[in-house]
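Each chain is listed here by its residues.
Protein chains: 2
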Amino acid sequence: MTVSVEFHFDFGSPNAYLSHLVIPAIEARTGVTFEYIPVLLGGIFKATGNASPAVTLRGIKNKGEYGNIEMQRFLTRHSIDNFAFNPHFPVNTLQLMRGAVYAKTTGFLERYVDEVYRHMWAEPKKMDDQDVVKSAFAESDLPVDELMAGMQDPEVKQALITNTERSVEIGSFGSPTFFVNGEIFFGKDKLRDVEEEIMMLLLH
Amino acid sequence: MTVSVEFHFDFGSPNAYLSHLVIPAIEARTGVTFEYIPVLLGGIFKATGNASPAVTLRGIKNKGEYGNIEMQRFLTRHSIDNFAFNPHFPVNTLQLMRGAVYAKTTGFLERYVDEVYRHMWAEPKKMDDQDVVKSAFAESDLPVDELMAGMQDPEVKQALITNTERSVEIGSFGSPTFFVNGEIFFGKDKLRDVEEEIMMLLLH
Numbered sequence: 000m001t002v003s004v005e006f007h008f009d010f011g012s013p014n015a016y017l018s019h020l021v022i023p024a025i026e027a028r029t030g031v032t033f034e035y036i037p038v039l040l041g042g043i044f045k046a047t048g049n050a051s052p053a054v055t056l057r058g059i060k061n062k063g064e065y066g067n068i069e070m071q072r073f074l075t076r077h078s079i080d081n082f083a084f085n086p087h088f089p090v091n092t093l094q095l096m097r098g099a100v101y102a103k104t105t106g107f108l109e110r111y112v113d114e115v116y117r118h119m120w121a122e123p124k125k126m127d128d129q130d131v132v133k134s135a136f137a138e139s140d141l142p143v144d145e146l147m148a149g150m151q152d153p154e155v156k157q158a159l160i161t162n163t164e165r166s167v168e169i170g171s172f173g174s175p176t177f178f179v180n181g182e183i184f185f186g187k188d189k190l191r192d193v194e195e196e197i198m199m200l201l202l203h
Numbered sequence: 000m001t002v003s004v005e006f007h008f009d010f011g012s013p014n015a016y017l018s019h020l021v022i023p024a025i026e027a028r029t030g031v032t033f034e035y036i037p038v039l040l041g042g043i044f045k046a047t048g049n050a051s052p053a054v055t056l057r058g059i060k061n062k063g064e065y066g067n068i069e070m071q072r073f074l075t076r077h078s079i080d081n082f083a084f085n086p087h088f089p090v091n092t093l094q095l096m097r098g099a100v101y102a103k104t105t106g107f108l109e110r111y112v113d114e115v116y117r118h119m120w121a122e123p124k125k126m127d128d129q130d131v132v133k134s135a136f137a138e139s140d141l142p143v144d145e146l147m148a149g150m151q152d153p154e155v156k157q158a159l160i161t162n163t164e165r166s167v168e169i170g171s172f173g174s175p176t177f178f179v180n181g182e183i184f185f186g187k188d189k190l191r192d193v194e195e196e197i198m199m200l201l202l203h
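Chains as they are written, first to last, in numbering that gives the first Met the number 0: chain A, 0 to 203; chain B, 0 to 203.
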């Protein structure tokens, strides 16, 4: 049985970053590689009428605090020490996500994702400031000019829109979202279920 | 190490009912008994500014559908076949929860909870209609007159308020909520974490 796993990600979501840190261990245990699909979370929210927890939890007692407790549990469980909440949150990720589409087409998505996530959520910077982005790319030894040009490519722009529309069509409403042979799983806390679903499919 | 587990429940929440069905297996595996704490979910919502998913998910594409997918997964995983969504939802549970406080004080909470949950979510009835409630109690061989009187007892009424206020004080914002030695876990999908936390505490 072939198992296809998609990870629909946006650099703007801290929970997508935390998932990204845990995915390699799941890939190692299952032998299945996650396909990273760049999507625009803002576009998903617009298409579904959903909003980020930063918005929906405003003014609600205890619920945000519980989210923080669960985040801390996740960090402890997976021994994550390279996470720092981005002080510029929310960061507009349109250019970064277009860069991800370009990097994927051109064949260096993995390194791009690792580096951009580091600049977003490990050594956080204001990654919707063009100068900050350029020096971050340079520091990461990514092709700065090529990426900045790629972000302006109409085909790249359209591909990000298409990815986002397809994501909503198959069930997305937030981030992070996973699809295991088309079955949706939402949230970093569902990564255990994702792994079990992969294992179950591999055994049948 | 003594492990105390509290289950803060309201009969109005289908996810609390589904948790209730799974708790006996966790009790059997861990040897720890869950203490059932009657709370008024409407009071928790009022105190925290939160609302039920039926309200918060209104108009949001895909998110409610995902909730249904996860509910179906939970039913499948735990082989639950005695669940039927209550067609009268939302049911005002004030009297039923006062009854739970009375039943707990008087020593028949376990049977009361099993029976009322059955009338709410297995063979669903309009359990905020006094006549329906009375015949449901009678069918279940519960002490109808005693319960109806107990619901009017000022101490019972106050105890439900006190339980609800304490629940919010220690972190509740919705249902179902669990506390393992004071640590909060929210949602039926966290029952696995609840069990792991109990086991971890028992081993230390």
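None of these hints come from the bench; they were simulated from the model. Any given hint could be a false lead.
[Said to hold, decoys possible] EDC-like mimics (lysine to aspartate or glutamate), calculated; alpha carbons at most 16 Å apart, straight line:
hint	chain 1	residue 1	chain 2	residue 2
1	B	K189	A	E69
2	A	K133	A	E154
3	B	K189	A	D130
4	B	K62	A	E69
5	B	K125	B	D144
6	B	K60	A	E168
7	A	K62	B	E182
Taking 16 Å as the top limit, are the C-alpha atoms of K189 of chain B and E69 of chain A close enough?
Answer holds: K189 of chain B to E69 of chain A is near 10 Å, not above 16 Å.
Against the 16 Å threshold, does the CA-CA distance of K60 of chain B and E168 of chain A hold or violate the hint?
10 Å, holds
Verify the proposed pairing of K133 of chain A with E154 of chain A, using a straight-line Cα cut of 16 Å.
22 Å, violated
So if I understand the rule, the pair passes when the alpha-carbon distance is 16 Å or less; does K62 of chain A with E182 of chain B pass?
14 Å, holds
Between K125 of chain B and D144 of chain B, does the CA-CA distance stay at or below 16 Å?
19 Å, violated
Holds or violated: are the alpha carbons of K189 of chain B and D130 of chain A at most 16 Å from each other?
Violated - the C-alpha atoms of D130 of chain A and K189 of chain B are around 43 Å apart, more than 16 Å.
Within 16 Å, alpha carbon to alpha carbon, are K62 of chain B and E69 of chain A?
Roughly 20 Å separates the two Cα atoms, so the pair is violated.
Checked against the numbered hints above, the structure violates hints 2, 3, 4 and 5; every other hint is satisfied.
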